[in-house]
Amino acid sequence: MDSCRVEVENIFLLVIVTLISVLQNVFFAQKVERECSNHSHTSAFERVSCANRNCMDAYPTFLAVMWCAGLCLSQAPAAFAGIIYLLVRQKYFIGYLGQTSQSTPGYLFGKRIISFLSLMCIVGIFNYLMGRYFGQDYKEYVETITGAASALLLLP
Amino acid sequence: MDSCRVEVENIFLLVIVTLISVLQNVFFAQKVERECSNHSHTSAFERVSCANRNCMDAYPTFLAVMWCAGLCLSQAPAAFAGIIYLLVRQKYFIGYLGQTSQSTPGYLFGKRIISFLSLMCIVGIFNYLMGRYFGQDYKEYVETITGAASALLLLP
Amino acid sequence: MDSCRVEVENIFLLVIVTLISVLQNVFFAQKVERECSNHSHTSAFERVSCANRNCMDAYPTFLAVMWCAGLCLSQAPAAFAGIIYLLVRQKYFIGYLGQTSQSTPGYLFGKRIISFLSLMCIVGIFNYLMGRYFGQDYKEYVETITGAASALLLLP
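One line per chain: the protein sequences are A, B and C, in this order.
Residues 0 to 155 in numbering that gives the first Met the number 0 are what the first sequence lists, from first letter to last.
Residues 0 to 155 in numbering that gives the first Met the number 0 are what the second sequence lists, from first letter to last.
Residues 0 to 155 in numbering that gives the first Met the number 0 are what the third sequence lists, from first letter to last.
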């Protein structure tokens, strides 16, 4: 049976990723703040504000999925996927602040990573239910496979 | 004393509800994305965008209350209330995208469910404090009552 | 070694602060709702809506940092900082609804408290790693210092 207690040992990577994401949020918010104070061109402010809002809209979803995946299965791949997500988000934010003539990227981003983390949750719960009702525990295999599969997120 | 460790056993229903809510978020976001790309009528885009934003504004509140209620008292009624909340949210979102002539539903929704989950948290903490300082543990009674009370959420 | 299991004992203060923050969210949302229904002046509605949105944008960040700090180090200072944050947020919200002639406060608020909570997380993780790799555990000292330092948040 997989016990998976929430001790600092089991969550410290997730906490570190959460902290980095908070730093990034503050960085985004400061961009908005700075653009808000100098009202030179409104278009730039609108772009920063919209980029920040889209990132913030998706933030609770990301946090929830990452923590669930980390608690249900194993923290290392979840934290790794979280880091990749933060990089994607940074790129999305920067891409949003391009030239006015450029088209903006869409509303959604990081779909692949959210899907991967959701899959981790499902596998974790499935594995738990298998262990409970059939007495079979594939947790080690699953963790190895997940760790290997998380490397696929690095593909562009 | 109520131990309530966070093991997969104690949270897997909450994780499942969280996953469903994430799926719903992605569904909402894709609606916004699709409406954003075809700029036929701005009114429709504004409605979708506003509905999505209202749902996203309330999302962290919902997640926090559901997880607190699930951890402090018992997960089954909390997850059940979560499912009902997601149904209410779906109905709210669809209702928002009605005819332009129709009036939109308000900013708030699912007040009854949030209240129920908050009440569960308060009862859970109260029960814990009772157990700690007076040595009385009503957890089983409380869980039974909560389970029965959660059925009341089905009333329209 | 610091075990820090998530039992009700270790999180009930955090749950209480979360509940209060949820109450505050509902209060903010009801302000928006009320201002939305009477369309007397749009300026007032815009201000309430904007204040609420800024608060909601920062809410997941706050919750994540508070819970991480509470789980990694100790819950009492984290919950205390959370209460202070809620007071700052209340003041920010009220300040936003001032006269139209007044300038609004900026986009960010509560930076000092978020920094303090982030620092708590970092110290907690650092302390855990020290305990794991060097066998030294300063948790008691750190908790005392943190408790004392949290009083500094009361300074205006």
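Because the hints were derived from the structure by calculation, they are not lab data.
Just to be clear, a hint being listed does not mean it is correct.
It does not matter which identical chain is used: a pair holds within one copy or between any two.
[To be verified] In silico DSS-like cross-links for lysine-lysine, where the CA-CA straight-line distance does not exceed 30 Å:
| # | residue 1 | residue 2 |
| --- | --- | --- |
| 1 | K30 | K138 |
| 2 | K138 | K90 |
| 3 | K90 | K30 |
| 4 | K110 | K138 |
| 5 | K110 | K90 |
| 6 | K110 | K30 |
Okay, the hints, checked on the actual structure:
Taking the shortest Cα distances, K30 and K138 never come within 30 Å of each other, neither inside one copy (43 Å) nor across copies (37 Å). Taking identical chains as interchangeable, the C-alpha atoms of K138 and K90 are never at most 30 Å apart, the minima being 34 Å within one chain and 38 Å between chains. In the homo-oligomer, the alpha carbons of K90 and K30 lie at most 30 Å apart both inside one protomer (15 Å) and across protomers (23 Å), since each shortest distance falls under that limit. Taking CA atoms no more than 30 Å apart as the test, K110 paired with K138 passes inside one copy only; the shortest distance there is 26 Å, against 40 Å between copies.
Taking CA atoms no more than 30 Å apart as the test, K110 paired with K90 passes in both settings, with 14 Å inside one copy and 25 Å between copies. For the homomeric pair K110 and K30, the shortest alpha-carbon distances inside one copy (25 Å) and between copies (14 Å) are both at most 30 Å.
Hint violations for this structure: numbers 1 and 2, all remaining hints satisfied.
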